[in-house]
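A.B. asks: Protein chains in written order, with my numbering: chain B, -3 to 279; chain X, 194 to 450.
The reader is advised that the hints may include incorrect statements.
So, partial list: chain B residues that the calculated Cβ filter (under 8 Å) puts toward chain X [stated by the list, open to error]: (1) D164; (2) N166; (3) L167; (4) D169; (5) L170; (6) L173.
Pulled a few chain X residues facing chain B out of the computed Cβ check, cut under 8 Å [what the hints assert, rightly or not]: (7) F208; (8) F273; (9) M279; (10) P291; (11) R324.
Computed beta-carbon distance windows for the label pairs [said to hold, decoys possible]: (12) E420/X <-> T12/B: 36 to 44 Å; (13) M108/B <-> P260/X: 35 to 43 Å; (14) L110/B <-> A320/X: 36 to 44 Å; (15) S429/X <-> E21/B: 50 to 58 Å.
Hints were generated in silico from the structure; no laboratory data involved. Yeah, the Cβ is synthetic: ideal placement off N, Cα and C, and Gly gets one too.
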Amino acid sequence: MSTTSITEEAAAPVNTEQLARERRERLLSWLMPVITLGAAIGYWEWAVWYYGIPKYLIPAPSLIVQTLIKDGPSLMVSAWFTVKLTFFSLTLAIIGGVLLGAVFALSRPVEMSLFPFAVILQVTPVVAIAPLILIYVDSTFAALLICAWIVAFFPILSGTVIGLRSADHNLRDLFTLYRATPWQRLRFLLAPSALPQFMAALKVAGGLSLIGAVVAEFVAGAAGQNTGLASRIIESSFRSEIPRMFAALVLVSVLGIAIFVLTSWASRRVLGHWHESEIRREH
Amino acid sequence: MSGPIIQMDRVSRRFGKSVLAVENMSLAITEGEFVSFLGPSGCGKSTALKMIAGLLPVSAGTITITPPKGKSEQDLAFVFQEPTLMPWANVFENVYLPLRLAGVSRSEATPRVTAALTEVGLSRFAASYPRELSGGMKMRVSIARAMVTRPRIMLMDEPFAALDEMTRAKLNNDVVRLAKEYGLTVIFVTHSVFEAVYLSTRVIVMAARPGRVAADIAMETPWPRNEDWRVSPAFSTEARRVSETLKGTLHVDDIDH
Chain B
-3 MSTTSITEEA AAPVNTEQLA RERRERLLSW LMPVITLGAA IGYWEWAVWY YGIPKYLIPA
57 PSLIVQTLIK DGPSLMVSAW FTVKLTFFSL TLAIIGGVLL GAVFALSRPV EMSLFPFAVI
117 LQVTPVVAIA PLILIYVDST FAALLICAWI VAFFPILSGT VIGLRSADHN LRDLFTLYRA
177 TPWQRLRFLL APSALPQFMA ALKVAGGLSL IGAVVAEFVA GAAGQNTGLA SRIIESSFRS
237 EIPRMFAALV LVSVLGIAIF VLTSWASRRV LGHWHESEIR REH
Chain X
194 MSGPIIQMDR VSRRFGKSVL AVENMSLAIT EGEFVSFLGP SGCGKSTALK MIAGLLPVSA
254 GTITITPPKG KSEQDLAFVF QEPTLMPWAN VFENVYLPLR LAGVSRSEAT PRVTAALTEV
314 GLSRFAASYP RELSGGMKMR VSIARAMVTR PRIMLMDEPF AALDEMTRAK LNNDVVRLAK
374 EYGLTVIFVT HSVFEAVYLS TRVIVMAARP GRVAADIAME TPWPRNEDWR VSPAFSTEAR
434 RVSETLKGTL HVDDIDH
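Only chain B is shown next, with the shape it has when bound in the complex (with noise of 0.2 Å):
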């Protein structure tokens, strides 16, 4: 048998003006908001000297950098409450929202039975529900842990269901013609095609996870030693200590930056080598 391949195709050249404009968008990428932010910071510390505004209505950036480190250990504390809030709910809804998903997915039955639950919980807001739950769960925590859920479940049973479906049909008839397993489909197929879709709903998730935490704590009214950066902000509005109120909320907009990096890292990672909307392409 005679083996006559053809040309092999010829490799593309690394473009060096290429790799350093790269480089440079990378750079800038954290450069500009970083400069944009402290730009902000440095009017907001000259509003606030220039036009003597009292620090029980705006506090300055420094004095609220003070707080910080002057209530850290008691706010750290807080925060650490509220992360573990955050990430035990994230978690719950992932898992909670791919199983879910991935039998609907699997069963136009089952996802017309139990989609309507999904959608009631969705749409009903958690402030209304948040103080039945709080009756019926003795362990607060429990309860602000499933309210939480609530708020973060929706995206990702929702991006699940759409990313399962939305696999080519023509890949689809594919596995069909090579006989593939159920199992087979689901790890080689649907999984992979699912994962734009699911990446997209865990960004939404992420938030909504802190906010579902943050919300939750707030119905909750919460107090003590055992609570999260909600209580403290709640806590220091009623003493009106307004630097330590705003301390609290920056910790809580860092954690939700935090979530934010976290979860566009991620998607970043599993998405950047072949997906659209984590490619970055020349222009």
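Following the hints, complete the assembly by docking chain X onto the known chain B.
C.D. replies: Just chain X now, with coordinates in the frame of chain B:
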């Protein structure tokens, strides 16, 4: 050449109540034949091909494929109109897929995947992702994936329709070379008379509404042909013959004004 490898006996396919995509199609294809299904859009070429592949059930009639003598991971391969590659997997993983689904280990599959990629001239691109390849290269990966299981039958559904003329001509030659080298039985769906005439040993002209076999034309020129034949008077004669038959099958409203 031996007996028929694919036998279609009064096969029909209906979509819903009103659309009869294929009606009473009977055909016997012998091992090693290169058959083209040629016809206008909507004549049931792709439907017929998908029924042969088992991807669409028949509404009536039977399709028989003679089972292979030896053991094979996959006897029948399909090349789609689009390259249909998994965008999240690199070229190696895409070509490895049929073997992976058949339970062949990576170490056992590697030389076979590499050989299939070498056959289509892409051995240096095993680590590349589909988005990094041109349309023609993607289609070659698709052909390598079809070839990796060493099938007897290759079904191709207008695989080069979206490619430029030069790439299409190049890939035409690749397919003919592979078919000849491995004794493949090929069914090639196309709406190009020139492509059908150049590639095939036999052209099945199909008519639309309902889709049916309008003519079964055996090519007179020995197969395979080379690039010189594309510009020869013999090619023009064969093309004219097929073209005339095709024209006779068209409805007035099939022709664009």
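A.B. asks: So, for every hint listed, does it hold in this structure?
C.D. replies: Hint by hint, here is what the structure shows:
For D164/B, the interface hint holds, since its Cβ comes within 8 Å of a Cβ in chain X; the closest pair sits about 7 Å apart. Interface hint at N166/B: satisfied, since its Cβ lies 4 Å from the closest Cβ of chain X, which is below the 8 Å cut-off. For L167/B, the suggested interface contact is upheld, since its CB lies about 6 Å from the closest CB of chain X, less than 8 Å. A cut of 8 Å between beta carbons decides the hint on D169/B: the least distance to chain X is about 5 Å, and the hint holds.
Because the closest C-beta pair between L170/B and chain X is about 6 Å apart, less than 8 Å, the hint holds. The restraint placing L173/B at the interface with chain X holds, with a minimum CB-CB distance near 5 Å, inside the 8 Å limit. Among the interface hints, the one on F208/X is violated; its C-beta lies about 15 Å from the nearest C-beta in chain B, farther than the 8 Å criterion. The restraint placing F273/X at the interface with chain B holds, with a minimum CB-CB distance near 5 Å, inside the 8 Å limit.
The restraint placing M279/X at the interface with chain B holds, with a minimum CB-CB distance near 7 Å, inside the 8 Å limit. For P291/X, the interface hint holds, the least distance from its beta-carbon to any beta-carbon of chain B being 5 Å, beneath 8 Å. The beta carbon of R324/X comes within 6 Å of a beta carbon in chain B, closer than 8 Å, and the hint placing it at the interface holds. In this structure, E420/X and T12/B meet the distance hint of 36 to 44 Å, their C-beta atoms being roughly 39 Å apart.
Between M108/B and P260/X the Cβ separation comes to about 42 Å, which falls inside the hinted range of 35 to 43 Å. Taken as a hint, the range 36 to 44 Å holds for the pair L110/B and A320/X, whose Cβ atoms sit roughly 43 Å apart. At roughly 55 Å, the beta-carbon separation of S429/X and E21/B lies within the given 50 to 58 Å, and the hint holds.
Hint compliance for this structure: hint 7 is the single one not met.
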